[in-house]
Structure formats: structure tokens, C-alpha cells
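To convert, note that position 78 of the sequence shown is 511 in the working numbering; the numbers rise steadily by one, no gaps.
Derived by calculation from the structure, the hints in this document are not laboratory data.
In this text, a Cβ means the ideal position worked out from N, Cα and C, and glycines have one as well.
It cannot be assumed that every hint is accurate.
[What the hints assert, rightly or not] Between beta-carbon pairs, the in silico distance windows are:
1) Y728 to K613: 43 to 53 Å
2) P788 to D597: 54 to 64 Å
3) Y728 to H686: 28 to 38 Å
4) D599 to P830: 19 to 29 Å
5) A712 to E538: 49 to 59 Å
6) H686 to E542: 33 to 43 Å
7) D699 to D597: 39 to 49 Å
8) V469 to R688: 25 to 35 Å
9) P830 to S554: 34 to 44 Å
10) Q752 to P569: 55 to 65 Å
11) E542 to T489: 50 to 60 Å
12) R490 to T758: 33 to 43 Å
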Amino acid sequence: MRAEKTCDVCHGGAVLGSGPVNEARPVHHAESAVSVQAFFASCPRGLESLLAEELTRFGAKKTSLVPGGVAFEGEILACYRVNLESRLATRVLIRLARSPYRGEEDVYEAALAVKWPEWFSETQSIRVDVNAIRSPLKSLEFATLRIKDAVCDRFRADRGRRPDVDTRSPEVRIQAFLDKAEVTLYLDTSGEPLNKRGYRRDAGEAPLKENLAAGIVRLTGWNSSEPLLDPMCGSGTLVVEAAMMALAIPPGHARAFGFERLAGFDLRRWNEVRDAALARRRPKQRLPIFARDRYGEELKKARLNLEAAGLGDCVELKQADVLDTGAPARAGVLLANPPYGTRIGEQAALAEFYPKLGDTLKKYYAGWRCYLFSGDARLPKLIRLSASKRTPLYNGPLECRLYEYLVVAGSNRKKSTPSRASGSGT
Numbered sequence: 434m435r436a437e438k439t440c441d442v443c444h445g446g447a448v449l450g451s452g453p454v455n456e457a458r459p460v461h462h463a464e465s466a467v468s469v470q471a472f473f474a475s476c477p478r479g480l481e482s483l484l485a486e487e488l489t490r491f492g493a494k495k496t497s498l499v500p501g502g503v504a505f506e507g508e509i510l511a512c513y514r515v516n517l518e519s520r521l522a523t524r525v526l527i528r529l530a531r532s533p534y535r536g537e538e539d540v541y542e543a544a545l546a547v548k549w550p551e552w553f554s555e556t557q558s559i560r561v562d563v564n565a566i567r568s569p570l571k572s573l574e575f576a577t578l579r580i581k582d583a584v585c586d587r588f589r590a591d592r593g594r595r596p597d598v599d600t601r602s603p604e605v606r607i608q609a610f611l612d613k614a615e616v617t618l619y620l621d622t623s624g625e626p627l628n629k630r631g632y633r634r635d636a637g638e639a640p641l642k643e644n645l646a647a648g649i650v651r652l653t654g655w656n657s658s659e660p661l662l663d664p665m666c667g668s669g670t671l672v673v674e675a676a677m678m679a680l681a682i683p684p685g686h687a688r689a690f691g692f693e694r695l696a697g698f699d700l701r702r703w704n705e706v707r708d709a710a711l712a713r714r715r716p717k718q719r720l721p722i723f724a725r726d727r728y729g730e731e732l733k734k735a736r737l738n739l740e741a742a743g744l745g746d747c748v749e750l751k752q753a754d755v756l757d758t759g760a761p762a763r764a765g766v767l768l769a770n771p772p773y774g775t776r777i778g779e780q781a782a783l784a785e786f787y788p789k790l791g792d793t794l795k796k797y798y799a800g801w802r803c804y805l806f807s808g809d810a811r812l813p814k815l816i817r818l819s820a821s822k823r824t825p826l827y828n829g830p831l832e833c834r835l836y837e838y839l840v841v842a843g844s845n846r847k848k849s850t851p852s853r854a855s856g857s858g859t
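Turn these sequences into a full structure, and let the hints guide you.
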């Protein structure tokens, strides 16, 4: 049986280079801040084009899109900027080597050829993760073990001592990707995933990851001068990310990164990058961002997260039911992640809720651009409005859609036809 496992880096390995590869090829040394490196930035699927645009602003060159991320080249300072300022990336990986393989021993030899002691110390703990698509290997666990063995053997040969393994809190993370013919080896420069901004105090139930939320806000085309309303805000991730964008707050300003523990880390240059990003922040102010929820407990979670992000006075919070409350302005952007469930009771309740939501948008939000993010395929049929755009996105492994409704009074109502509540739409 083939080894088959995917993650947020698994589509990048086969594209970070060109031409035939006959041996493991380490790229440029970690110590030079001006040498060009090969990188891969992963992201939620569906956001690759937006991520490529973002990377280019941070100094990335030769961007190449693949499902789940963007390969690029750049100086190590671009790596610093992407980790600090990217709102969409999940991880940033340095590519160290690519090599053909046929079995586990080829994978071992590829890893052994990498000069690991040039990148980190034998006193640091490591973790190895292996992901694959269409790999002929029977066991990714064994491949992981062989890569770990190769790293340790290389350290024994070069330094006389091997690093320890720590799967929970490693100081250095090594990633490997296997396709059907090649193994690609990376070092993780991010550490914790970049969606972990550091502000989330209460996640609530089924929260959106922060970088997916930021991507959804970007896809609406919202600008910070127009009203933005989340009428079902839950723990507030969408409005927190929108406020951080409006105030140009670097999403990674309150956290640490994996590159700070790698050899050649340039503290002076990193401080310059960080100081420049912080200098671009706008003064804290009340923004035209409105967060509502019918449940007081959910609003408490949103308030905690906004305050942790330093945005407690920037967003208006109000307990209100979306079905009974009018718009806060004559025009703007409504953005919501409506509930969707799998249990029979939840499905029945939502089959009643979606038509009422459509009626509410027609009644109160003529002149608004309305966006609903959902993994419920029934929503577009039951809401009885015509979507002007449907953007596929993935919330983890779950395929979702971002539906755009340009609400004009009396113009885009779908005719109601008898159907069962479980009817599907796309």
C-alpha cells in the first residue's frame, strides 16, 4: 500500500527547482543574509494567488503557485519579512535539498548529504515530519525514522554528538516531502504555524484559522474606510484580522519564530525588519467595523480576543440577532461565517435559518456587498439569493465556498421551489 499523507507543505516539494536532479543539492549557506535561498510558503488552499501577491511585496522573486502554497526565491531578509508580515502564510520553509529516490535508503542518503551542522547545533532538539503524495514507500513512519537517523549520523560524523529528538516542543523542525520520484528536504523557519498570532484567548467553537480569516477579508475587496459588519462574529476572528489590516499591524509582531534559532540568524537585520514594520502601523482609532452576535457568551470571547490584540476600542461590539437588526450604515461589506452542522437536529434548524437569513439580507442590506463563508452545500439553494461569485476555499480538509451577494432591492430573489431541506447546491 502506498504511503499517502498530505499537509500544508506537501505540494511544494516537486516544484522548487527545475531540470533533472541527480543528487542531493544543499542550497546557499545560512550565514549569508544576501545570498538567494529557495523557499516554500504554505497557505490554506484557495489563497495561493493572494499569497503570491503578498510575497512579492515582501521581496520574493520567481514565485510559483502550487495547490496549498507558493514556491519562491529570495534573500533571508525576505524570509524574515514573510514570517513577520504575511497574513496568509501558514509556514515558511527553506529548501535544503532535492534528490531522486526509490526506497528508504535513498531517502536516508539524501538526508545524510545535507550539512545539517551548518544550520543548527547538536545541542538543539529536533523534530522530523514527512508528508507525501503518491509515494511508493509503504511506511512514512519508517521514512521519518531514516531521515532522523541521517541527521543524527551527520552530526556524529561532523561534531561527535547527535541532537535530541523532541516531538512536542522542538527547537528545530525538519520537513520532508515525498512525491512518486523525489524527496525534498526543508527547514522550517516559522516554528509555530503563522496563523498563531498570539491574541487568541478564547477560540470558541469551530473557529476559523486566523490566516484563512484574513484571506476571506481580502477576497471581499474591503477597504478600511467602508463599514464592515460581521453579524455572527463568534470569537471575533474575522473582525480582529480586519482591524489588524486596517491599522497595518504586523500579524507576527507578538510572537517568536523558528529562524531565530537557526545558525546565521542576524539579530541586527531582524531588528531592522521588525522596527520598519512596526513603524508602518497606524494610530489606534475607532474603525467602521461592527461585530454582532445573538449570544452574550460569544461576544465575551470576541471582546477577550480583541483586547488581547490591543484592539478593544477599535471595533464596536453589540449583542444582536442578525434576523432582527438592521444595517449599521447605508452601504458596506457584510461578512459572516454562518453556522453549519452535520447532526440531524442542526440540519433541520439550519434549513429554517438560511431562508430567513436571505430575507434579512433583502430587507436590511440593499446596497451592501454580502459575503457568506460556508461548508454547507445547501446554503446557496436555501438562502434563495443569486450569488454573483463563488470562491472555493478549504477550511483545513473541508471544502467550502465564499459566496458573494450584491444585494439590490427586489432584483436578485430566487423563485422558491418545493424542495426537501436536505437539498444540495454548489
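Hints versus structure:
1. Roughly 49 Å separates the CB atoms of Y728 and K613, a value that falls within the hinted 43 to 53 Å.
2. Distance hint for P788 and D597: a CB-CB separation of about 58 Å, consistent with the stated range 54 to 64 Å.
3. Take Y728 and H686: their Cβ atoms lie about 31 Å apart, and the range 28 to 38 Å holds.
4. A hinted range of 19 to 29 Å for the beta carbons of D599 and P830 is consistent with their spacing of about 27 Å.
5. Between A712 and E538 the beta carbons are some 52 Å apart, a value that agrees with the proposed interval 49 to 59 Å.
6. Hint check: H686 to E542, Cβ distance near 42 Å, so the stated range 33 to 43 Å holds.
7. Range check, D699 to D597: Cβ separation about 26 Å, and the 39 to 49 Å hint is violated.
8. In this structure the hint that V469 and R688 lie 25 to 35 Å apart at CB holds, the actual value being about 26 Å.
9. For P830 paired with S554, a C-beta distance near 36 Å keeps the hint of 34 to 44 Å intact.
10. The hint said 55 to 65 Å for the Cβ distance between Q752 and P569, and at roughly 57 Å that hint holds.
11. Checked against the hint of 50 to 60 Å, the pair E542 and T489 fails, with Cβ atoms roughly 36 Å apart.
12. For the hinted restraint 33 to 43 Å between R490 and T758, the CB-CB distance of approximately 38 Å keeps it satisfied.
Taken one by one, the earlier hints fail for this structure at numbers 7, 11, listed in ascending order.
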